[in-house]
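Q: The task is to assemble the complex, starting from two chains supplied on their own in separate frames and drawing on the hints.
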Amino acid sequence: MKSYQGVGISAGIAIGPVFRYETETIVVQPEESSDPDVENKRLEDALQKATRELEEILEKARKDLATGSNEAEIFDAHLMLLSDPDLLDQVKENIYQHSFTAEYAWYKATEYYAELIGAMDSEYLAARSADIKDVAQRVLRHLVGDSDAACRLITIPSVVVAKDLTPSDTVSFDKSKVLGFCTISGGPTSHVAILSKALGIPAVVGIGPWMDELTAGREVVVDGFSGKMILDPDQATIKKYKQTASLYEESFKKALESTKEHAITKDGRRVEVVANIGGVEDAKTAVEFGAEGVGLLRTEFIFLERETAPTEEEQVQVYKDIFAQFGSNPVVTRTLDIGGDKPANYLKIPEEMNPFLGLRGTRLALARPEVFHTQLRALMRAGIGCNLKVMFPMVGTVQEVRDVMSHVNQVKKDLATEGVPFKENIEWGIMIEIPAAAVMADALAKEVDFFSIGTNDLSQYTLAADRGNTNVVGVADAFDPSVLRLIKMVVEAAHANKKWVGLCGELAGDGMATPVLLGIGIDEFSMNPRAIPLVKQSIRRFSMATAREIADHALGLATTADVRYYLKSFL
Amino acid sequence: METLEITVINKVGLHARPAAAFVKKAQVFKSQISIENLTKKTEAVNAKSFVKLLSIAVDRDNLVRITAEGEDELQAIESLKELFNNNFGEPVGE
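Chain order of the listed sequences is A and B.
Residue numbers 1 to 571, in our numbering, belong to the letters of the first sequence in order.
Residue numbers 1001 to 1094, in our numbering, belong to the letters of the second sequence in order.
This is chain B alone, in the form it adopts within the complex (with noise of 0.2 angstroms):
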């Protein structure tokens, strides 16, 4: 199992199009990945659907933590590591 705790500095939180590409992401890898909200005191949801990743409403500057069980479960850490150190793709903004 792999886990990793990280603070979403995005602009918009994971609710627009970052939330999407996130998903799509998870859902490249074989192993059970999921998210839970830490800030919110959420429970663990499935990483690999939207709608429950939503439903957590991770803001911008809520911290998160992913976890990953299966054959694949360090790439799919790293990978998800890598989008948001990439900020998935868009500008950090003010």
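Pulled out of the complex, with its shape left as it was, chain A reads as follows (with noise of 0.2 angstroms):
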């Protein structure tokens, strides 16, 4: 029995096999072969396989992405790939003129045409060489006989072991096999951490280099709540974590019971528990697990994984969609949250040192006022008879907030003069997610009707650790008590100026951080929706008299450490 230490990222336990999903990238040496007809043959074969394995990919990412058709013409133009005349007719010349095996003539005219494109000066083309190569590993996964790599080969329920996990591995698993995730690399806002708990399956990420121990078949134990994998557990081991998941079911079943009730504290206090959501779907999922509506709709979805930005009439029908499933419940809306992290080329986000200290969220917003200008009026097109709010990411100073304000009084008035109907009284946010936003609370709650705390940014940014980078891993703890003071001075700063406050970062949607947050004041607990149940529970069981007392301690303490075992005693 052997334990490794990662992030829980998404609650639950998994008991099962170790599937192995491997990526690694194959390489192939040049080497002959007797029989090109053979080497002919397998090729055939391989593309034959890729193909069907391609369309099945396809049909199933237009079934998934409710708003995907970009993402699916990935995989369109990589079956293109596999039928293209010119591509085929040199790899066969590599089979019977140079009697290379078809792994090699295969590799060798890939490689070529991957070269020849990736090197011209377009982040286009450098994108298509991207999708040779792409292609070009799926076939080759074939004809070397991986086929352990295709994720469509889960058979039996297991745990899904990777390195890191892209969004076209995700849509490839079958999800009634998938019992828990756990990444060697990642961190709690990877992909897979958004992706895991949208689907309610326990995960753990960065557990650090161990990948090699971890062989296919081999029993392990994923604890989502600490972030604990155990492998080759023992029989007293399972029995334990059985007993932990039927417990973890059973409280869940009961909350899901009680969870379209308001949550109101002992003494009478109500908190607004909404939802974070990231599409069509997801604001299905979260009426369905008692949202009182939407703390943070991020709208990236919209703008990523295409190549042209979104009409405004493209945006203000996705809009309408979405504010439709929370009738008069309020949704608060974040414009674009994006940097030279995420692809979106025809934004043209230079390329950063760093872009998480970048061009990023409210500042790209600014620096490119005609992309905003649509998001914009779309929103306040779409916001007409819904409660919409609208949050900007990203601020750091009132100078920021003033000059976002002055775009939105200016799209107002453009509005105006075409004569096109707009929601008038719209409340108007920003996250406190930088440290200077948090210090300068008192100013920027002035300027705005609201703040919405994203804990997430807020503690990689107050601590300086990336959250994705497994050299740091719980270094950017929200529960440091550095985070927690500056949650309060937010709290306090907003309140002063009869402002609103939510909290929309994973924080939220802990239950162990639920007294505190109810004690420092928070307004507003904004979460993933399947955590809202026993969060709503767990806001039931504490008076505000009481959560005040256990937030004044918490916020005394010294160490990460100290704060999260004294919080321990009151789950």
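FYI, nobody ran anything at the bench for these hints, they're computed from the structure.
All values derive from a computational prediction rather than experimental measurement.
In this text, a Cβ means the ideal position worked out from N, Cα and C, and glycines have one as well.
Computed list of lysine-lysine pairs in DSBU-like fashion (alpha-carbon distance at most 30 angstroms, straight line):
(1) B:Lys1025 <-> A:Lys133
(2) A:Lys63 <-> A:Lys133
(3) A:Lys41 <-> B:Lys1030
Computed footprint of chain A on chain B, listed as stretches where at least three residues anywhere in the stretch have a Cβ under 8 angstroms from a Cβ of chain A:
(4) 1007–1016
(5) 1020–1030
From chain A, some residues computed to sit far from chain B (all C-beta separations above 10 angstroms):
(6) Tyr4
(7) Ser33
(8) Asp37
(9) Asn40
(10) Glu53
(11) Gln317
(12) Asp321
(13) Gln325
(14) Leu357
(15) Val439
(16) Lys446
(17) Val475
(18) Lys488
(19) Met512
(20) Arg540
(21) Phe570
A: Rendered as structure tokens:
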């Protein structure tokens, strides 16, 4: 029995065999074959298998991704490469004229084009070069018989262990066979984090460089609560975890029964419990799990994985579809929050040494006013008849707020001049995720209608530690007293100015944080929909008086470990 | 033999979706179809090959020459011209 420590990113316990998902790049060395016909046949078979696989992925992507037609197009281009006449001619020439094996013949031809196209000075062509390499690897996996690599080959319910998982990996899994996820790298904000939580699959990320030990079929326990992963657990351990799992399921089921009711503390204070969502599908899940609205609608999904900016009309339709799910309940929508680390070529974000300290969020909006205006117009138009609130991400200074609001006023004026109907009385707020904004909260509170604290980024910037970097796992912890103290400063400043404060980071969905956040005075808890039932239960267990005492004590502690240890006793 | 010289006004050139649309359309016809990038003085390449089309790196405002030869050469050129004129089904952008 061996235990690894990572970060738990999706609650729950999974016990089952390891399914290794490997995406290591296959590199082929020159090798000759005496029978070109055999090689050609092998190539044809591999191409056929890859084609079928891609057709399935394409179909799945179209089904899974409600608005994913653009993402699906990537696979369409891949299919085209598999039947490209000139590419195949070259491969056949390699087989028949140069007597190369099917592997090397294919590898050589695809590398040639990938290099040729990738060498040109164009982002688009660089992306196509990556497509060629991606498709080349898919065929090579069939040729070298490394069929384990294909995620669709998961046949018995298993724990998926991978170095990291990409979006195209994740759409390929048969969700009914995935008991849990465990990745070597990746942090709480990685793709698998968002995905596993949305699916309610237990997950641990960043367990460190132990992939070699986790061979296929060995039994593991994934503890999404503590971030532990246990290899070859003994009977006693399995029994213990099975108990925890069934207790969790039971309490979740119980919490689910009352999740449509309000969360009211013992002494009668009602706290709003709302959802973080990133699309129409999430909106439905949120309602199902008892969300009283939306505290964070991420709009990035409309902008990513495409070649041109979404039009105003397109956005109006998407927003309307989402707002419609929530009737008169509030929907706090965050404007585009991306930077140089996300693929959106048309925004022409320069390559940066450190995109997390670069042109992102509101800074990007101010630098690309045409994109920003289109989004504002679409939001204001779609908001008619809905309880829409809008907030801006990554704001650090009062000046930025003033700049942003002058754009808002400009857009209002434009719409009025054009005679286009729009929602007039929108509450405008900002995310508090830069320490500078937390420190200046009293001044910022005079400029906006509300705050929403993003604890993931706030912890990362406060503690100067990348949450996705496995070398500094656990440093950027929102339970660190420094972060909690900043949150308190923000709430006090807002309340002194009669403004409300939401919290939409991971912390809001963590039951251990509930009494502290209540005690500090957070007005609105926004979280992944599946966390709502248990957090509502948790809120109902405390009185405000007790919560304040707990918060005072926690904020006086010196270390993250002390805070966590203390709060654990109230679970 | 039919030829067409046309300037690419599409924002992203013939690199992404428009490139795929172009190749798909070319593949519909029996004629031999080639395309060369006159602006960059490239060779004429098989228009039915996605990798070849990408390799001549047609950017926005480049002038290309499309040549078709075969039984349906006229339809091929007309149909490709229409694709250009409809801007590959995309808005032209600013």
